[in-house]
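A.B. asks: Chains A and B are the protein sequences, given in the same order. Numbering that gives the first Met the number 0 puts the first residue of the first sequence at 0, with every later residue one more than the last. Numbering that gives the first Met the number 0 puts the first residue of the second sequence at 0, with every later residue one more than the last.
To be clear, the hints were calculated from the coordinates, so they are not data collected in a lab.
Identical chains blur together in the list; that is why a pair holds if it fits in one copy or across any two.
With a straight-line Cα cutoff of 27 Å, these simulated DSS-like cross-link-like pairs (lysine-lysine) come out:
#1 83 with 447
#2 54 with 403
#3 54 with 83
#4 83 with 403
#5 181 with 207
No experiment lies behind these values; they were computed from the predicted model shown.
There are 2 protein chains.
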Amino acid sequence: MFQYLLFFTEPTMRRLATAVTLALASTTTTAANVILIVGDGMDDQQVTIARDYLKGANGQLLLDQMPVRSAVQILTVEDNTEGKPVYVADSANTATSLATGAVTSRGRIATSAGDDRDLPTIVELARAAGLRTGIVSSASVTDATPASFAAHISYRMCENPELMADITYSGIHLGHCQQDMKANGGAGSISEQLAVSGLDVLLGGGAKHFQPTVEGGTESVLRSAQLAGFSVVRSRDELLAAEPGERLLGLFAPGTLPVRMRGEDGREAEAPRPSLLNRLHQYLGSVELPEPMRCEPNPEAAGIPSLKEMTDTALQQLSHNNERGFFLMVESASIDKQSHERKPCGSIGELEQLDEVLASALDFAAQHPDTLVLVTADHSQAAQLIPQRSMFEAYTVPIYTPGKMARIITPEGSIMGVNYATNDFGYEEHTGANVPLYGNAAAEGRVKTFQRQSELFGIMREFLGL
Amino acid sequence: MFQYLLFFTEPTMRRLATAVTLALASTTTTAANVILIVGDGMDDQQVTIARDYLKGANGQLLLDQMPVRSAVQILTVEDNTEGKPVYVADSANTATSLATGAVTSRGRIATSAGDDRDLPTIVELARAAGLRTGIVSSASVTDATPASFAAHISYRMCENPELMADITYSGIHLGHCQQDMKANGGAGSISEQLAVSGLDVLLGGGAKHFQPTVEGGTESVLRSAQLAGFSVVRSRDELLAAEPGERLLGLFAPGTLPVRMRGEDGREAEAPRPSLLNRLHQYLGSVELPEPMRCEPNPEAAGIPSLKEMTDTALQQLSHNNERGFFLMVESASIDKQSHERKPCGSIGELEQLDEVLASALDFAAQHPDTLVLVTADHSQAAQLIPQRSMFEAYTVPIYTPGKMARIITPEGSIMGVNYATNDFGYEEHTGANVPLYGNAAAEGRVKTFQRQSELFGIMREFLGL
Numbered sequence: 000m001f002q003y004l005l006f007f008t009e010p011t012m013r014r015l016a017t018a019v020t021l022a023l024a025s026t027t028t029t030a031a032n033v034i035l036i037v038g039d040g041m042d043d044q045q046v047t048i049a050r051d052y053l054k055g056a057n058g059q060l061l062l063d064q065m066p067v068r069s070a071v072q073i074l075t076v077e078d079n080t081e082g083k084p085v086y087v088a089d090s091a092n093t094a095t096s097l098a099t100g101a102v103t104s105r106g107r108i109a110t111s112a113g114d115d116r117d118l119p120t121i122v123e124l125a126r127a128a129g130l131r132t133g134i135v136s137s138a139s140v141t142d143a144t145p146a147s148f149a150a151h152i153s154y155r156m157c158e159n160p161e162l163m164a165d166i167t168y169s170g171i172h173l174g175h176c177q178q179d180m181k182a183n184g185g186a187g188s189i190s191e192q193l194a195v196s197g198l199d200v201l202l203g204g205g206a207k208h209f210q211p212t213v214e215g216g217t218e219s220v221l222r223s224a225q226l227a228g229f230s231v232v233r234s235r236d237e238l239l240a241a242e243p244g245e246r247l248l249g250l251f252a253p254g255t256l257p258v259r260m261r262g263e264d265g266r267e268a269e270a271p272r273p274s275l276l277n278r279l280h281q282y283l284g285s286v287e288l289p290e291p292m293r294c295e296p297n298p299e300a301a302g303i304p305s306l307k308e309m310t311d312t313a314l315q316q317l318s319h320n321n322e323r324g325f326f327l328m329v330e331s332a333s334i335d336k337q338s339h340e341r342k343p344c345g346s347i348g349e350l351e352q353l354d355e356v357l358a359s360a361l362d363f364a365a366q367h368p369d370t371l372v373l374v375t376a377d378h379s380q381a382a383q384l385i386p387q388r389s390m391f392e393a394y395t396v397p398i399y400t401p402g403k404m405a406r407i408i409t410p411e412g413s414i415m416g417v418n419y420a421t422n423d424f425g426y427e428e429h430t431g432a433n434v435p436l437y438g439n440a441a442a443e444g445r446v447k448t449f450q451r452q453s454e455l456f457g458i459m460r461e462f463l464g465l
Numbered sequence: 000m001f002q003y004l005l006f007f008t009e010p011t012m013r014r015l016a017t018a019v020t021l022a023l024a025s026t027t028t029t030a031a032n033v034i035l036i037v038g039d040g041m042d043d044q045q046v047t048i049a050r051d052y053l054k055g056a057n058g059q060l061l062l063d064q065m066p067v068r069s070a071v072q073i074l075t076v077e078d079n080t081e082g083k084p085v086y087v088a089d090s091a092n093t094a095t096s097l098a099t100g101a102v103t104s105r106g107r108i109a110t111s112a113g114d115d116r117d118l119p120t121i122v123e124l125a126r127a128a129g130l131r132t133g134i135v136s137s138a139s140v141t142d143a144t145p146a147s148f149a150a151h152i153s154y155r156m157c158e159n160p161e162l163m164a165d166i167t168y169s170g171i172h173l174g175h176c177q178q179d180m181k182a183n184g185g186a187g188s189i190s191e192q193l194a195v196s197g198l199d200v201l202l203g204g205g206a207k208h209f210q211p212t213v214e215g216g217t218e219s220v221l222r223s224a225q226l227a228g229f230s231v232v233r234s235r236d237e238l239l240a241a242e243p244g245e246r247l248l249g250l251f252a253p254g255t256l257p258v259r260m261r262g263e264d265g266r267e268a269e270a271p272r273p274s275l276l277n278r279l280h281q282y283l284g285s286v287e288l289p290e291p292m293r294c295e296p297n298p299e300a301a302g303i304p305s306l307k308e309m310t311d312t313a314l315q316q317l318s319h320n321n322e323r324g325f326f327l328m329v330e331s332a333s334i335d336k337q338s339h340e341r342k343p344c345g346s347i348g349e350l351e352q353l354d355e356v357l358a359s360a361l362d363f364a365a366q367h368p369d370t371l372v373l374v375t376a377d378h379s380q381a382a383q384l385i386p387q388r389s390m391f392e393a394y395t396v397p398i399y400t401p402g403k404m405a406r407i408i409t410p411e412g413s414i415m416g417v418n419y420a421t422n423d424f425g426y427e428e429h430t431g432a433n434v435p436l437y438g439n440a441a442a443e444g445r446v447k448t449f450q451r452q453s454e455l456f457g458i459m460r461e462f463l464g465l
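Isolated chain A, as found in the complex (with noise of 0.2 Å):
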């Protein structure tokens, strides 16, 4: 059999093996995985944006056909060992939840809020039982998502050496984590962590973090992370080429990978423009408000894998001769990250990644049917999406938002408004309502319709009969 297929071209060949390997490998053995899928501030109002944008106002993403749906809530902490709650989260504590199980402070990367304990993480866990693990983002790789699952320090912007004794942005200081310094006794930044941390997948951005060298050493952390057995890869066609079963560090931008689609001409969310009479008072004068645009494929992506390549290789890999199953964590970034910066095409590209993964993760589940899927997000965000005109116009006054918004002009012909108002600042806040979590088949009856984020944990460290 493998002698006829000798005769179709390679990337075919390997695509048939794969699915021979797979369907053997679903009749023979009882491993169980999971897929945990993270939508970056992925909530229901980023999820319409895209529905509305992707497949219209009377579609369905894939997400909105997973059986299962529940909502999850989010949890986070003061820094104190008896901290108060804090309503709004971010990516850091809301990963460690998922990751660990525990509530703890922002900003603290799997270790607990005030004692500054490490968490032990699902990917530990899973590792210790003989387990394979991989995470996949489009953050960087040391970014607070993925690095709550497989390291452990008190503030995530210790994401290389350097940013470890005293972290400033414009001369101003943000932090430090001199007390995780392999100096005073710490296992070393994020990405130190990372390289020494066993997993057998570990795709996306941040290569800057794996340029400087080790504390106390003399090569490079990327240089450790071969050293630890990680075969590296820095391009799209690197990746799609892996060999099944090598351990892989698969790094294809500096930092955070560009988005796959971006306003016209690279357009974001404006500002209104009010005339100078309205200026003096708001039932005066008039507004402009900001032109319609679409959306258009982000050039700056060209080259960089999808997240759904990067999950495909990741679950190659991670399946191909394992017995005893795996646990894999896939973040699409910067649904978030494109919010914090008012770039609604930005975020609506990423949530068709994270669909896309979804799929990918469905058919893998299908022939493997011993595979939980869950997609969820950590938090909520900014982004709301608001009339295109006021509701109100027939007042005839200038009636508009005072933060930025977009006006988005969909497929099917209609505008969508997009309003970004949390803050003035350079990046809009994270908002604290519970999220949604959906869930395949075999979610059922292990997924309650509504519960702690930190309950998460639990649901998938039984699957996994850790």
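Following the hints, position chain B against chain A.
C.D. replies: Below, chain B without anything else, positioned relative to chain A:
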């Protein structure tokens, strides 16, 4: 047995008698009932804000404990027969979707977009099949949500006979319903239609819309309702004393019912106050955020029946000696209205009222197993749960919302930030996100994880066998 009851106080006796009636009914009837609870503007932000305040960050509303949870896609279109999608809805078109299964344009009450056809409502179908019907709202009963279940008109503001030919506000012409005037062959204003609707129970606010004289007649709309068989109650005491079996019209305020809760000393969300230097450049100077505040009971609500009291009376009237079943819609209207006015404590109190109504509905369903309880929102709203101080405050520049915010001291002793920033007008905009749907056990297998708002009509209709 009933002789014994005479020794109890009147209210106790009535409660016991009701309990006996309910118990007998549950064993002797196969009536199917639907209780639809609508939280106007009750999106995931509003639910989380209310949960954090009422139950704590770790707590749960009764809503959160429902066995069925789903998401609802909100649809509306331009006002022509082939209208393109519009991405943000209002309470008129959304209530029309729930009541009739049709997607229509904003502002319409159970009439079709463009060609203005009357759309049969679930209340009318239920009545025709011999079921009882009831509507309870904390808005005027003539407001968009209740009206859409039992009236047909092209424009929601035509609430009484004096608001038909021309509706103006501060000299601005907003619309009219001339084609719906009786003189032109129409059915008249909303209050006129409700008066002769045949509803068994209609409770809420809006007394002022029943004072005008009916078009072409000499009596008031209220009198026409009495002539059509309604017993009119005007106070909480009269409501609680209603005899089972009466057809009840209850009007407890001139317009919207006063809400349960308000900000300390009537405070609402306020604009942050930047220093003069900060007006020159966003990174200069300082900003004074609104002082934290508590929520307090609204003194204006004294003596007004709660939404739960109205619901309990409605359930009593609808179920008394009823072998065929009923349809009841209960709306907590001011989650939305208080959000329009940037009053977070108001919205929280009205969500608390909704949760109490749900408790009554579930109690009733426990005694009458063939009762479908659905809770949903009509559309999402402007309020956002944001950090009470910016997530980026380490940057030491003034960072604050361009809109208005409240910083609410919660009973668990933390501070919650609520932002309103969709426009600079007197009323915030709606938003367009999909909204939650909750169901009791009777909803299992009937409700998908994601569906169009208009599909809920079919689910209720099928449950009632209409």
